[in-house]
Amino acid sequence: MSGLDAIRHQVLWSRLTSIADEIATTLVRTAFSLVVRDNQDYACALYDARGEMLAQSTQCTPGQAGSTPSVVRDLLATYPPETLVEGDVLISNDPWIGAGHAPDVFIATPVFRRGTLVGFTCTCAHHADMGGRLGATDAREVYEEGLIIPVTKLFSADVENEPLVRLIRRNVRMADKVMGDIRAQMAANRVGAAGLVRMMDEFGLDSLEPVADRVSAHSEAAFRKAIARLPQGETRVEVFHELTDDAGDPIRIALALSVAEDRVRLDFEGTTPQVLKPINAVLNITRAYCVFPFIATLCPDLPMNAGAFRPVELSVPEGSIVNPTYPAPGMYRSLLSYFVVEAIMAALQQIAPDRTMAPSGTYPLWIQKFAGHDRDGRPFVTHYNAQGGQGAFRDRDGNTAVVFPGNIASTSTELFEHDGPFLVERRMLVADSGGPGRYRGGLGQETVLRSLSDAPVHAALSGGRLVEPATGMEGGQPGGKGRICVNDGPPFDKAGRVDLRKGDRVRLVQPGGGGFGDPTARAAEDIRHDLQEGYITPEGAKRDYGWTD
Amino acid sequence: MTKGLRLGCDVGGSFTDFLLYDPATGAIETHKVPTTPQAPEVGVLQGLAELAQAHPGLTGRLSSLIHGTTLVINAIIERKGAVTGLITNEGFRDVLETRREIRYDIYDIRQAFPRPFVPRHLRHEVPGRLGPDGAEIVPLDHDRLRAELAALTEAGVTSVAVCLLHSYANPDHEQQVARAAEGLGLDLSLSSDVLPEVQEFERFATTSLNAYVRPKVDQYLGALESGLTRAGYDRPLFLMQSGGGVIGAAAARKAPVRLAESGPVGGVLAAGKLGRAAGADTVLAFDMGGTTAKSCLITGGDLPMTRAYEVDRVHRFRRGSGTPLAVPTVDLIEIGAGGGSIARVDDLGLLRIGPESAASDPGPACFGRGGTRATVTDANLVLGYLDPAEFRAGGIVLDRQAAQDVIARDVGDPLGLDPLAAAAAIVAMVDESMSQAARMYAAEQGKDPARATMVAFGGGGPLHGAAVAAKLGNTRLLVPEAAGVFSALGFLMATPSYEVARSLPGRIDALDPCTLAREFDALAAEASAVVTAAAPGARLTRRRFAEMRYVGQGHQLRVALDGDLAPETMARAFSNAYLDAYGYTCDDLTPEIVTLRVLVDAEQESPGFTPGPVSGAETAPRPAWCARSNAMVPHRVLPFDAVTDLTGPALIGQPGTTILVPTGATARKAPQGWLDITLQEDQP
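Chains as they are written, first to last, in our numbering: chain A, 128 to 676; chain B, 525 to 1208.
Hints are computed from structural coordinates only; laboratory data are not their basis. A couple of the hints might just be wrong.
[As the list claims (entries may be wrong)] Below, a sample of chain A positions facing chain B; criterion: calculated Cβ distance under 7 Å: (1) Ala536; (2) Ser537; (3) Glu595.
Note that the Cβ used here is the ideal one computed from N, Cα and C, for glycine as well.
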């Protein structure tokens, strides 16, 4: 390999990510779904003609990112490359091919240059609706969770698959928005396709396959090199979830983690079998949250492509809650999947304690869905997102009110009140909710929403840590618990649905993160600052930190 | 010297620069004094006094003084503003702190966010609430309000941001707060004045920044104005705004956050004007300096505007890591790629350029001032692009061997390249980063940079311009005369202008054209009053814009509403803009308006482009790197003034910069003085 060739290769490589980011930018700017455009719940990626992933967008949700390496190959299993023609567009939201629940719709556009298939651009976007029971927090089967589009052509040689479009429109709420987002995904893919062709022209490439092989080999080698610096060893951990399995026992994530040379192996033998609750996380999602902690702690700048997923080897029992089989429901998979990160962090604490962090109040994700009719009688579906506090690190406090490990933005109160008949009465940090420790967990928050609608509003309220708080690490203490209640009613013990009458108040408390290290070792100036800013109360300071100043 | 002279004055971190322009002759004179950071007006008045010594009676002959200042941005970056408090709705004191909750880097789990400019204990709440339509839901609690204002005063607060939910729809509650605060000696910034736009985090953050810097700016401009009066200057003092126009001092003192990004705007303005004069419809301004490169896409003479501008980023070039400052700001992209950007090979074995910079101190290794790391300037020297004589004039003896050594050590050896190839790699990488950033930025605006004409300026723009242009698919590149001081020229070209906005969300079929017209008229009156105060008697142009989208979308397009306000007309205007941006439309969906904007400009004659005298002569060819043949080849070397037309490879010298005309490209001097370069279609 000549030196100049290496530089040309690197220029090409960084161009690939840049093209994936152009796709993402176009998608966000044209999307209708609040979840895509405001909460940024999407992923975009580029592939060669075999379906090997070349690059993915810098902003994407880790969950969806975990399905990007395999999705195009899965599409090609139905439509082999030699059958594709210019003007074809493929679509699917099959949870087992994609990102584990129906709202995540994948659209892939084959890219042709001079009549030859050279690659694919693909976007995944979380749609405003995909039909099914709204907020089916008690679903027992995937059939209740919306329309599943198996791998299908949305366009064949520039001709729209009209029966499919009618089928979708007839099955979803707000069909205009859903179709608008599908068009936005296609337009974004076109932008990426043009970028790929332009790049191939500029660099005189006839095929992207050698490029794919090389970038993948490079990412894989860099990741392996980083893993090789971890202490070798094997450890087992169990993390229990506050939700229960079908027999009524707490859900268990059992993990055996081993680091041997430049390989990480994760074995989930002993994990609870899939449940008749919508929290099962398909393998793609589990893979995402297995790879995420290692990239995040070892090499956060790693360019993501097919090779970046190879060094972490998974063994996940089929039929378990982290690798369920059809037709297990999974709409609320993020109630469970984030705890995979907690299990890995717990294991890392034993073999590589400088890399780890305390459990987060941000597991699981809190998303509130509301549907009803506005004053003009038009149906609305809207979301309200607000999250808790991150777990503390060995050397610093956890962030307050942040999304982690997923990455979607919170909802603006003003936009939410424009979107539906609600009044947000408060949204405030909760004092003393950050787990005490030498380094404190991030604070949780409290949100109170009041319905102003004359007609009943269907609400699906979901969150967690309602029973078991985020624990601390190495002497750190638990963060504040989560809480969901309506008016003066009893607190929920799990996510649930409720119909709101006019004037009903929903109170949500997002949990705080766990603390790290002995609270009595916390620096006096940090305690003073927390007191001044009201992050802790004088009583909390005395109780949790032994503060007597 | 005649009357009607214009003086531009730019207070930078180290130097206060003056540019004196005589419209009658086109002559430009520069002057420089050290900046006096404690009281910047001292430096300004000192420089003015020195200029007046050289030109007796100067102050009486000036028609205007146009001032750009980094005071606002520095107060923010260095956190040296006022002790600031916040009055907000009960239950919402944490809006500034909880932000949007999204992480700006998905894989960086330890990322930090900027501290709010108002600490939590100075964020006080008052019961009272408006709905999204501006209707009162809960009246403001005046007893609590008085108590909270007293508590803030007690705590030593001197400036207060008043940020209430939905105040963009109805400023009444915020105005009640302002009345209650009268006589308390507090400096107030109301969010309904500073940024009457929906989305509380962005509005609250911008308003707190305004409150944070206002006392300081107020004091400074007051002192400057009285100093100028004492010096005999009785014409208006103009301030350069982030949005591209200039504004009178009185208006600037009310909304100082509008001055934050005034620096880079000058060059963009001048590039737009040059492009227009050269007959180009779409212009890509490309400014490369010592630490950063900036670019901006200007279509039909309109500067692109953004409300997504951020300051105080934790990671300077990471979007989302700063505090939003959502006032009208010219939408330009800044990346950490300049002459001083440091090249290194990272843990992954990849060549990275910047964003760390050796800046001017210690500077590149070849400057011999203690720089020990390989920079882009070192690479340019090794590749033969820089003229040592030019630097000698500035007191710097370039050390080619030092440059070659650090490049070999930091880049060549780790990558297995000889120093020449390593230097070429550094330049290729930095050109690639700049072109990628420009392309991404264009995508954000829904525009294709390939159709643009590039205008390159700044110390490094004319050298890297051809390569970046070729990567973007531009075939025409313009380099102005005096490319090194082009930004300052832009200051003098700026005209008084002001933009105001108000959120008025609604579907176009549900909005009454008469209501819309009334709202637009009110905005136009508000903006015109500000512009007229700055330019009494000037003719005004008023332009109406609406930020529009399809119902349910989240991002808006800025659409000029030059026609009537009937729903069909507005729908057509939106549809055309959407098609232009994204290549398709959704004709079954209804557009909606989010925000109305009115931009008022005063018409005013501004400096044109006049060629300097032809002088200088071609010197002996110099070997320099040719990216097409991957080898050193002889380049013609000549001063800018001596160029008529030529075919590359050639290196053309200007004070402070070198223009590279690559092999095969042709360059022709336009009669107005700029260089018009045509690149080949497949220019490497």
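We went through each hint and held it up to the structure:
no.: 1; hint: Ala536; in the structure: holds, 4 Å
no.: 2; hint: Ser537; in the structure: holds, 4 Å
no.: 3; hint: Glu595; in the structure: violated, 22 Å
Going through the hint list in order, the structure does not satisfy hint 3, though it satisfies all others.
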